Amino acid sequence: MANDTSNLKKHYQSQPYDYQLIIKEFNKTVYDNIFRINKDFLLLNSQLVEFNTDNWKMRPEFFCDDHYKHPYIYPVILLANNLKSIFEFLPENLRENYIIAPKLIAITRLLENRIPTSEEIGD
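Be aware that the sequence shown starts at 1, since it is given in our numbering, and climbs by one per residue.
For the record, the hints were derived by calculation from the structure and aren't laboratory data. This structure is a prediction, so every number in the text was calculated from the model and none was measured. Do not rely on the hints blindly, as some may be mistaken.
Claimed, not checked - Think about it this way: if two alpha-carbon atoms lie no more than 27 angstroms apart in a straight line, the pair counts; the simulated DSSO-like pairs of lysine-lysine are: (1) K24 / K84; (2) K84 / K28; (3) K39 / K28; (4) K57 / K103; (5) K24 / K103; (6) K28 / K103; (7) K9 / K24; (8) K69 / K9; (9) K69 / K39; (10) K28 / K10; (11) K9 / K84; (12) K69 / K10; (13) K84 / K103; (14) K24 / K69; (15) K57 / K39; (16) K39 / K24; (17) K84 / K39; (18) K28 / K9; (19) K24 / K57; (20) K57 / K84; (21) K103 / K39; (22) K69 / K57; (23) K39 / K10; (24) K24 / K10; (25) K69 / K84; (26) K69 / K103.
Model the full assembly from the supplied sequences, consistent with the hints where possible.
This is the structure in structure tokens:
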């Protein structure tokens, strides 16, 4: 079991740094998550993308890979579309079958302006 935990840590550490930051943000409370705090900013800096691919059903990471070339952004997409899980990522759960897709620059800007945790600083 300890070996499995080690493999999980290795997998997490092998992911892009932005993905690690997004996961850390979504592990925070609602009141501390930079994306939840700045949801209006994300929505204002979004575009609508028609949900026209069956491969995307319940697979927001596939949508993110096709749209952004970064599959790890999917928690932000779920938040922007008021979806609680990947199982809700279906055309009928979206407004008129359109996905609200925050611009990558908006997501990056929020990640750059986040306040690092004490663990990240090394205190």
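Now the hints, each set against the structure:
no.: 1; hint: K24 / K84; result: holds (17 angstroms)
no.: 2; hint: K84 / K28; result: holds (16 angstroms)
no.: 3; hint: K39 / K28; result: holds (15 angstroms)
no.: 4; hint: K57 / K103; result: holds (21 angstroms)
no.: 5; hint: K24 / K103; result: holds (20 angstroms)
no.: 6; hint: K28 / K103; result: holds (23 angstroms)
no.: 7; hint: K9 / K24; result: holds (14 angstroms)
no.: 8; hint: K69 / K9; result: holds (24 angstroms)
no.: 9; hint: K69 / K39; result: holds (22 angstroms)
no.: 10; hint: K28 / K10; result: holds (22 angstroms)
no.: 11; hint: K9 / K84; result: holds (25 angstroms)
no.: 12; hint: K69 / K10; result: holds (23 angstroms)
no.: 13; hint: K84 / K103; result: holds (20 angstroms)
no.: 14; hint: K24 / K69; result: holds (21 angstroms)
no.: 15; hint: K57 / K39; result: holds (23 angstroms)
no.: 16; hint: K39 / K24; result: holds (17 angstroms)
no.: 17; hint: K84 / K39; result: holds (15 angstroms)
no.: 18; hint: K28 / K9; result: holds (19 angstroms)
no.: 19; hint: K24 / K57; result: holds (25 angstroms)
no.: 20; hint: K57 / K84; result: holds (14 angstroms)
no.: 21; hint: K103 / K39; result: holds (12 angstroms)
no.: 22; hint: K69 / K57; result: holds (18 angstroms)
no.: 23; hint: K39 / K10; result: violated (31 angstroms)
no.: 24; hint: K24 / K10; result: holds (16 angstroms)
no.: 25; hint: K69 / K84; result: holds (23 angstroms)
no.: 26; hint: K69 / K103; result: holds (12 angstroms)
This entry does not satisfy hint 23, going by the numbered hints stated previously; all others are met.
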